[in-house]
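K.L.:
Chains U and W are the protein sequences, given in the same order. Note that my numbering has the first sequence beginning at 1, numbered continuously upward. Note that my numbering has the second sequence beginning at 403, numbered continuously upward.
There may be inaccurate statements among the hints.
Derived pair list, reagent style EDC-like, types lysine to aspartate or glutamate, alpha-carbon separation capped at 20 Å [claimed, not checked]:
#	chain 1	residue 1	chain 2	residue 2
1	W	K461	U	E17
2	W	K493	U	E54
3	U	K330	U	E364
Hints are computed from structural coordinates only; laboratory data are not their basis. For clarity, every value in this text was computed on a predicted model and none was experimentally measured.
Number of protein chains: 2
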Amino acid sequence: MSIIVQKFGGSSVANKERLELVTEQIIKEVKKGNKVVVVVSAQGKTTDKLISEEAELSKNPDKREHDVLVSTGEQITISKLAMLLIEKNYKAVSLTGWQVPIITNSDFTNSRIRYIHNTTIEEYLAAGNIVIIAGFQGIDENGNITTFGRGGSDTTAVALAASLNAERCDIFTDVDGVYTTDPRIVENVKKIDSISYDEMLEMASMGAKVLHNRCVEIGKKYNVPIYVKSTFEKSNLGTLVNNKNLEDLVINGVAKDDNISKVTVVGLENKISRTYQLFKVLANNNINVDVISQSFKEELTKDIAFTVKKNDLKDTLNILDTNKENLGIKEILHNENLSKVTIIGVGVANKPGVAADMFEALSENNINIYMITTSEIKISVLVDSKDADLAVKAIHKKFFVE
Amino acid sequence: MSIIVQKFGGSSVANKERLELVTEQIIKEVKKGNKVVVVVSAQGKTTDKLISEEAELSKNPDKREHDVLVSTGEQITISKLAMLLIEKNYKAVSLTGWQVPIITNSDFTNSRIRYIHNTTIEEYLAAGNIVIIAGFQGIDENGNITTFGRGGSDTTAVALAASLNAERCDIFTDVDGVYTTDPRIVENVKKIDSISYDEMLEMASMGAKVLHNRCVEIGKKYNVPIYVKSTFEKSNLGTLVNNKNLEDLVINGVAKDDNISKVTVVGLENKISRTYQLFKVLANNNINVDVISQSFKEELTKDIAFTVKKNDLKDTLNILDTNKENLGIKEILHNENLSKVTIIGVGVANKPGVAADMFEALSENNINIYMITTSEIKISVLVDSKDADLAVKAIHKKFFVE
Numbered sequence: 001m002s003i004i005v006q007k008f009g010g011s012s013v014a015n016k017e018r019l020e021l022v023t024e025q026i027i028k029e030v031k032k033g034n035k036v037v038v039v040v041s042a043q044g045k046t047t048d049k050l051i052s053e054e055a056e057l058s059k060n061p062d063k064r065e066h067d068v069l070v071s072t073g074e075q076i077t078i079s080k081l082a083m084l085l086i087e088k089n090y091k092a093v094s095l096t097g098w099q100v101p102i103i104t105n106s107d108f109t110n111s112r113i114r115y116i117h118n119t120t121i122e123e124y125l126a127a128g129n130i131v132i133i134a135g136f137q138g139i140d141e142n143g144n145i146t147t148f149g150r151g152g153s154d155t156t157a158v159a160l161a162a163s164l165n166a167e168r169c170d171i172f173t174d175v176d177g178v179y180t181t182d183p184r185i186v187e188n189v190k191k192i193d194s195i196s197y198d199e200m201l202e203m204a205s206m207g208a209k210v211l212h213n214r215c216v217e218i219g220k221k222y223n224v225p226i227y228v229k230s231t232f233e234k235s236n237l238g239t240l241v242n243n244k245n246l247e248d249l250v251i252n253g254v255a256k257d258d259n260i261s262k263v264t265v266v267g268l269e270n271k272i273s274r275t276y277q278l279f280k281v282l283a284n285n286n287i288n289v290d291v292i293s294q295s296f297k298e299e300l301t302k303d304i305a306f307t308v309k310k311n312d313l314k315d316t317l318n319i320l321d322t323n324k325e326n327l328g329i330k331e332i333l334h335n336e337n338l339s340k341v342t343i344i345g346v347g348v349a350n351k352p353g354v355a356a357d358m359f360e361a362l363s364e365n366n367i368n369i370y371m372i373t374t375s376e377i378k379i380s381v382l383v384d385s386k387d388a389d390l391a392v393k394a395i396h397k398k399f400f401v402e
Numbered sequence: 403m404s405i406i407v408q409k410f411g412g413s414s415v416a417n418k419e420r421l422e423l424v425t426e427q428i429i430k431e432v433k434k435g436n437k438v439v440v441v442v443s444a445q446g447k448t449t450d451k452l453i454s455e456e457a458e459l460s461k462n463p464d465k466r467e468h469d470v471l472v473s474t475g476e477q478i479t480i481s482k483l484a485m486l487l488i489e490k491n492y493k494a495v496s497l498t499g500w501q502v503p504i505i506t507n508s509d510f511t512n513s514r515i516r517y518i519h520n521t522t523i524e525e526y527l528a529a530g531n532i533v534i535i536a537g538f539q540g541i542d543e544n545g546n547i548t549t550f551g552r553g554g555s556d557t558t559a560v561a562l563a564a565s566l567n568a569e570r571c572d573i574f575t576d577v578d579g580v581y582t583t584d585p586r587i588v589e590n591v592k593k594i595d596s597i598s599y600d601e602m603l604e605m606a607s608m609g610a611k612v613l614h615n616r617c618v619e620i621g622k623k624y625n626v627p628i629y630v631k632s633t634f635e636k637s638n639l640g641t642l643v644n645n646k647n648l649e650d651l652v653i654n655g656v657a658k659d660d661n662i663s664k665v666t667v668v669g670l671e672n673k674i675s676r677t678y679q680l681f682k683v684l685a686n687n688n689i690n691v692d693v694i695s696q697s698f699k700e701e702l703t704k705d706i707a708f709t710v711k712k713n714d715l716k717d718t719l720n721i722l723d724t725n726k727e728n729l730g731i732k733e734i735l736h737n738e739n740l741s742k743v744t745i746i747g748v749g750v751a752n753k754p755g756v757a758a759d760m761f762e763a764l765s766e767n768n769i770n771i772y773m774i775t776t777s778e779i780k781i782s783v784l785v786d787s788k789d790a791d792l793a794v795k796a797i798h799k800k801f802f803v804e
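Make a model of the complete structure from these sequences and hints.
P.N.:
This is how it looks when you write it as structure tokens:
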């Protein structure tokens, strides 16, 4: 008998009608003779509601107490789902994060899983139970409740699948899989049948909101096949995320990230130490820098351009201004409204035709490219945010329609 | 430094404004140099809301899962109250029932406390924290969440006060103490300054809803002084429940219980074994019998009258009917709508004047008495429910006004 882990998100468990659909997906696996472990999120907008109530009480809520508060959302869901399955004459039992227990570090609101004790789950499974586990939460070694940050239920599910050596982890969501790009931008998007962990990581970090990176990273590390499926469609085809053969060239998707600002530091002294000092100052202030490019105007100075998240722009400019003299910067320029459009697929960077096709699609639409960055499995370009949707459409058409 | 346990009920913690008043009561004790342990209920109608959602999912909700569900209410309150105190620059920490831990038996929805581990609470107190504990909940020896049934937060508070050897337990509520009778019936009620555990038990079982019997029983067993106070009044006089000297005669209150039916078994064979058999049959069917009286019509048979709760009447009549031949009963009579009016005070039964005054008050108002029962600290009479409010008024006037 195989163990299957199923995860259902907030909108999939929002009310009685949806919980009924969830039980159908669970019972389907039980009837195949599988042992089923289910991970659920808080119902609908429950977590948002708790956070807004919290904001009334404290400007800067204590993080330990925040975790005590928001972890109640998943606890409500597990008990309701277990009751509903018991009402339908299935054996079911709920477990909170601390009851499993899922042991984490003590980084409240954003804790990381250290290890999972399998014994309690395995005993309940052996006794014929469907085991319903609260996502997004654990317990630290001092007995405090911890949570994993938003989207942490995916992480719980894949970590449990890894720990229990499950056959696979099914992530049920509103959509029936991962798509070649955002269907809100492009009309004829295509569902991806199969994608590698690395490609999925790129898709997620580029704004494809289907899976969180932490869960994909765990899936990759422990080789857990992850299926992204729809709770509401019975066909259950979905997208499989696993270790694909890196030799095959498959363009898997086009993604967009609108949360980009570019900063250009002009006239930096042309010494290696200056580049190091610049990024050290930013790192010390917790500013994450993404794409970086250098250009050399003359022998003695260089310009360095890099991107930061939009909401880090103000801080970045302040920090650079404070350290202007220190770092020997002549001028600081910035461009606030940029987007990063990325094409993702194993081996793209090694096949020159792919980049050429991408730039051709942009050129045909008069879209200006500010920066380019590539990796083994992606090519990203920085464009004006006003052009971003057109860029996604043009690139998608070039690779998936033409 | 003394430990003070404070308990705040659902309406006292219903919203931000009320939580602010609660922090005032807590801070007042902290400023006196006391170590403060706070027990809270779920906010406002939270528990009712969860139970109505549960009713949608299951006609007969699984009891283990019910406890997982409803225990979230208190968990929400503890974190909010701790946050608010931290926001006001006080050190505070929340603990759920399992974090304390409060160990109970496994009787889900109605579990009993076995023991409380003081260590975690004592460590947090020693480090200067206000410790906020979820009422109404514990954990059994298998790691399951348990709850104590409605009103269980009072039990948590008094049990903690006993376990921690606290100086006293303050039960904060909507009203500023225990009254001589129900202010909805009688106008000029008087607040009781001091009452014994036994009298309080009688008051509670007679329908005075201020304190639950379980908490008073624990208070009595471990000699914990309990103060009933108002959350919303700063004077904080309230009513003290403790071990009073049983020699002093003080009439403390008049209570009423409308949930009474009387059953009369006519013509029972006049043998001791018959009485035993009758009540054995009822006990085996979980029927609680309250007042009992026997009357002897002739030498060979006797009549036995007793009271049961109204909602047990139908079952009682069915059981007696089934066993009619068995028990040798000639006839079964019943009176559905009776009320028990009780006068409570240490030593009342030993002072004949009290009973006489009580009967005089009823006689002056033409109120018929069906049965009379007395104990060391109370005299109860059974009257028609339509006369019950008039009876309470008349008796209250006789003892507290005249």
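K.L.:
Each of the hints needs a verdict: does it hold here or not?
P.N.:
Verification of the hints:
Taking the CA atoms of K461/W and E17/U, the gap is near 16 Å; set against the 20 Å cutoff, the hint holds. Distance hint between K493/W and E54/U is fulfilled; the C-alpha atoms sit about 18 Å from each other, no more than 20 Å. Only pairs whose Cα atoms come within 20 Å are accepted, and K330/U paired with E364/U is rejected, the gap being roughly 37 Å.
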